[in-house]
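Kindly generate the complete structure, drawing on both the sequences and the hints.
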Amino acid sequence: MDTRGIEQMFDFQRLPSDGLILLLLLLYSPVGFCLMLLRIFIGVHVFLVSCALPDSFVRRFVVRVMCSVLGLHIRQNSPRLRDKNVKLYVCNHVTQFDHNIINLLTSCNTPLLEGPSGFMCWARGFMELGGGVASKAELADTLRGYCSAPATTPLLLFPEEDTTNGRAGLLRFSPWSFSLSDSVQPVALTVKRPLLAVNVPDSSWLAELLWTFFVPFTVYQVRWLLPVLRQNGESHQELANRVQELLATELGVVSTQITKADKAEHIKRKRHIAPHTTRSNLGARPRTVPQVFLGPSPGAEDPRVMRMVHQVKEVLPDVPLSVITRDLLRTNCVDTTITNLLESTEQYHTEPAEGATSGPARPRTSITPSIAVPPATLKPAAKSFGRSPADRHMSLQDRKTALYEYARRRYIEKHGLNVEEDS
Amino acid sequence: LIAADGQISGNKNTNNLLESVSFLRGPEDTCFEGGVFPAILSFPSDYPLSPPKMKFTCDMFHPNIYPDGRVCISILHAPGDDPMGYESSAERWSPVQSVEKILLSVVSMLAEPNDESGANVDASKMWREDREQFYRLAKQIVRKSLSL
Numbered sequence: 003m004d005t006r007g008i009e010q011m012f013d014f015q016r017l018p019s020d021g022l023i024l025l026l027l028l029l030y031s032p033v034g035f036c037l038m039l040l041r042i043f044i045g046v047h048v049f050l051v052s053c054a055l056p057d058s059f060v061r062r063f064v065v066r067v068m069c070s071v072l073g074l075h076i077r078q079n080s081p082r083l084r085d086k087n088v089k090l091y092v093c094n095h096v097t098q099f100d101h102n103i104i105n106l107l108t109s110c111n112t113p114l115l116e117g118p119s120g121f122m123c124w125a126r127g128f129m130e131l132g133g134g135v136a137s138k139a140e141l142a143d144t145l146r147g148y149c150s151a152p153a154t155t156p157l158l159l160f161p162e163e164d165t166t167n168g169r170a171g172l173l174r175f176s177p178w179s180f181s182l183s184d185s186v187q188p189v190a191l192t193v194k195r196p197l198l199a200v201n202v203p204d205s206s207w208l209a210e211l212l213w214t215f216f217v218p219f220t221v222y223q224v225r226w227l228l229p230v231l232r233q234n235g236e237s238h239q240e241l242a243n244r245v246q247e248l249l250a251t252e253l254g255v256v257s258t259q260i261t262k263a264d265k266a267e268h269i270k271r272k273r274h275i276a277p278h279t280t281r282s283n284l285g286a287r288p289r290t291v292p293q294v295f296l297g298p299s300p301g302a303e304d305p306r307v308m309r310m311v312h313q314v315k316e317v318l319p320d321v322p323l324s325v326i327t328r329d330l331l332r333t334n335c336v337d338t339t340i341t342n343l344l345e346s347t348e349q350y351h352t353e354p355a356e357g358a359t360s361g362p363a364r365p366r367t368s369i370t371p372s373i374a375v376p377p378a379t380l381k382p383a384a385k386s387f388g389r390s391p392a393d394r395h396m397s398l399q400d401r402k403t404a405l406y407e408y409a410r411r412r413y414i415e416k417h418g419l420n421v422e423e424d425s
Numbered sequence: 707l708i709a710a711d712g713q714i715s716g717n718k719n720t721n722n723l724l725e726s727v728s729f730l731r732g733p734e735d736t737c738f739e740g741g742v743f744p745a746i747l748s749f750p751s752d753y754p755l756s757p758p759k760m761k762f763t764c765d766m767f768h769p770n771i772y773p774d775g776r777v778c779i780s781i782l783h784a785p786g787d788d789p790m791g792y793e794s795s796a797e798r799w800s801p802v803q804s805v806e807k808i809l810l811s812v813v814s815m816l817a818e819p820n821d822e823s824g825a826n827v828d829a830s831k832m833w834r835e836d837r838e839q840f841y842r843l844a845k846q847i848v849r850k851s852l853s854l
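So the sequences go chain by chain: C and Y. Residues in the first sequence are numbered from 3 upward in steps of one, following this note's numbering. Residues in the second sequence are numbered from 707 upward in steps of one, following this note's numbering.
No lab work stands behind these hints, which were simulated from the structure alone. For every residue, glycine included, the Cβ atom is placed at its ideal position computed from N, Cα and C. Honestly, I wouldn't trust all of these hints.
[Stated by the list, open to error] Keeping only pairs whose Cα atoms sit at most 25 Å apart, straight-line, the calculated DMTMM-like set for lysine to aspartate or glutamate is:
1) K402/C x E739/Y
2) K416/C x E734/Y
3) K402/C x E725/Y
4) K850/Y x E739/Y
5) K402/C x D735/Y
6) K761/Y x E407/C
[Unchecked claim] Pairwise CB distance ranges, derived in the manner of DEER restraints:
7) C764/Y x C149/C: 47 to 57 Å
8) R842/Y x N334/C: 34 to 44 Å
9) K416/C x Q839/Y: 16 to 26 Å
10) K845/Y x H312/C: 33 to 43 Å
11) S853/Y x A266/C: 35 to 45 Å
12) S853/Y x N334/C: 17 to 27 Å
13) P177/C x C764/Y: 41 to 51 Å
14) S748/Y x A266/C: 33 to 43 Å
[What the hints assert, rightly or not] Chain C residues, not near chain Y, derived (Cβ > 10 Å throughout):
15) Q15
16) S19
17) Y30
18) V60
19) Q98
20) N105
21) R146
22) A170
23) R195
24) K272
25) V325
26) Y406
27) A409
As structure tokens, this is what we get:
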């Protein structure tokens, strides 16, 4: 089994776990603080210079040199591979300054997907999209228009939509980025930094910037890959998967099906059990997120399977995607999977409340199916009381559907009916 | 929201808190086994002083369910009114009864029809005289409820 779980994809602690490095860090910290103060002032200058000079080779060179004073060393290999005709660069996401780094190598634009536009958006080097862009579809439309316009600078997108530490795996690439253009140029980015983690989830960009100033240096290695063209009849998702695979191979990591939402969920869960958790029992404690998440599970990329997974997820929102996928790959039928999941006594519904009260010390025996659970508890009951009436109604709808599916299945099994014949 | 022995129940819609939809599963080893029967529980404005009313929204053929779906069961009758005249007040509605209990009672009523207080005369008659035919009809109703 692949031991690299979702835990390995993100650094949850900025400080190193090794005692020796921690000692070194302690010794370095006075220097680091001085360096940070100094660099804050230089940083203001870098910002002003980058504002004053027009976007050109000169500015990029000057700012790049000034950035190395700030501790941002940028290396790139094979810049000749960069294709002038490609309008879309896709890059893996490691830190919150990835777009600034790439921008120092070539001029490109990155839209800010979340957060308000305005001064901060502009100052951080994001492209401002005119007007309030409400939905993702609207955003995609705007960007598609941008891409098709002649003589514009290329667009740089991060289809992972969230950061990883870049050492274990890539998040699932969202297909909408690939709907913008038929040819994309993948960019592989590795970020290395001594003493500290390059990025921790849930920290603001300002904190990240200060830590960047604190450490002696951070090395950004940018590798340009050959442009990828959409093949005939290839869907956005297929193209996304292909590019993800390419980038993962280049970086020496695995491409996973973990999404941004899964990451957020994991962080939330982590926060609940964090007070009890120490580093040492990370390995011993059974993970709440099954490791099946990781690794290119065969057929998981198949859009048909994905669609079925989503259908099941709608009915049983509590069951993790990985469990659904595993079962679906075996049964290849939405109904059967729902029945299996309803009938199986596996308790993957690890609610945050439970995690908070019991803590990791309590061994989770729930992985083993227990026969003792009476069938009544298998019925789709609401796990929580929804906040809004609409939520509650949705929950009722879902449970109702599940109940009907279950009853129908049972009836058919019991009476040996043929559905096609009778319906 | 109640989950009692496989029944689920919830508010039918957001603007009417006095009506609730329940889905009852036919009890095992009876002629209604396997069915899922939707029913509306309507609560009067003076609930819980007065009992709620229950009405199946699917086709039912049962001695204690009126042809229009209303359920005739002692727990849903206030001690004062007694349409049939032979229900002990012990098993009548009282404010301490819960929706869960009602659903359980209705499920057990599905399992064991009480042919003395016949709400559906045809069904009572058939239950008494032609049990086989009744089972056949019940089976059809179960299938219909699952839209099979």
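Tested hints:
The hinted pair formed by K402/C and E739/Y meets the criterion: a straight-line CA distance of about 18 Å does not exceed 25 Å. Of the pairs offered as hints, the one joining K416/C and E734/Y holds, with about 12 Å between alpha carbons and a cut-off of 25 Å not exceeded. For the hint linking K402/C to E725/Y, the alpha-carbon distance of about 17 Å falls within 25 Å, and the restraint holds. At most 25 Å may separate the alpha-carbon atoms for a hinted pair to count; K850/Y and E739/Y meet this at roughly 13 Å.
Restraint check: the Cα-Cα separation between K402/C and D735/Y comes to about 23 Å, which is no more than 25 Å; the hinted pair holds. Of the pairs offered as hints, the one joining K761/Y and E407/C holds, with about 23 Å between alpha carbons and a cut-off of 25 Å not exceeded. Remark: the range hint 47 to 57 Å for C764/Y to C149/C is upheld by a beta-carbon distance near 54 Å. The supplied range of 34 to 44 Å is met by R842/Y and N334/C, whose beta-carbon atoms lie about 36 Å from each other.
At roughly 22 Å, the beta-carbon separation of K416/C and Q839/Y lies within the given 16 to 26 Å, and the hint holds. Separation of K845/Y from H312/C is about 35 Å and conforms to the stated range, judged on CB atoms against 33 to 43 Å. A beta carbon spacing of about 39 Å between S853/Y and A266/C agrees with the range 35 to 45 Å that was offered as a hint. Between S853/Y and N334/C the C-beta distance comes to about 24 Å, which sits within the given range of 17 to 27 Å.
With their beta carbons about 42 Å apart, P177/C and C764/Y fall inside the hinted range of 41 to 51 Å. For S748/Y and A266/C, the hinted distance range of 33 to 43 Å is satisfied, since their beta carbons lie about 42 Å from each other. Every Cβ of chain Y is farther than 10 Å from the Cβ of Q15/C; the closest lies at roughly 40 Å, confirming the non-interface assignment. Listed as outside the interface, S19/C is consistent with that label: its C-beta sits roughly 45 Å from the nearest C-beta of chain Y, beyond the 10 Å cut-off.
Non-interface call for Y30/C relative to chain Y: holds, since the shortest CB-CB distance, roughly 57 Å, exceeds 10 Å. No beta-carbon of chain Y is positioned within 10 Å of the beta-carbon of V60/C; the least distance is around 62 Å. The non-interface label for Q98/C is consistent with chain Y: the shortest C-beta to C-beta separation is roughly 41 Å, beyond 10 Å. For N105/C, the non-interface assignment is confirmed: its Cβ lies about 49 Å from the closest Cβ of chain Y, beyond the 10 Å cut-off.
Every CB of chain Y is more than 10 Å from the CB of R146/C (nearest about 38 Å), matching its label as outside the interface. With a closest Cβ-Cβ approach of about 40 Å to chain Y, A170/C is found to remain outside the 10 Å limit, as its non-interface label requires. Look at R195/C: its CB is around 50 Å from the nearest CB on chain Y, clear of 10 Å, so calling it non-interface holds up. Look at K272/C: its CB is around 30 Å from the nearest CB on chain Y, clear of 10 Å, so calling it non-interface holds up.
Here V325/C stays apart from chain Y, with its beta-carbon at least about 22 Å from theirs, past the 10 Å limit. Not every Cβ of chain Y is farther than 10 Å from the Cβ of Y406/C; the closest lies at roughly 6 Å, contradicting the non-interface assignment. Look at A409/C: its CB is around 5 Å from the nearest CB on chain Y, not clear of 10 Å, so calling it non-interface is violated.
In the structure shown, a violation is registered for the earlier hints numbered 26, 27, in ascending order.
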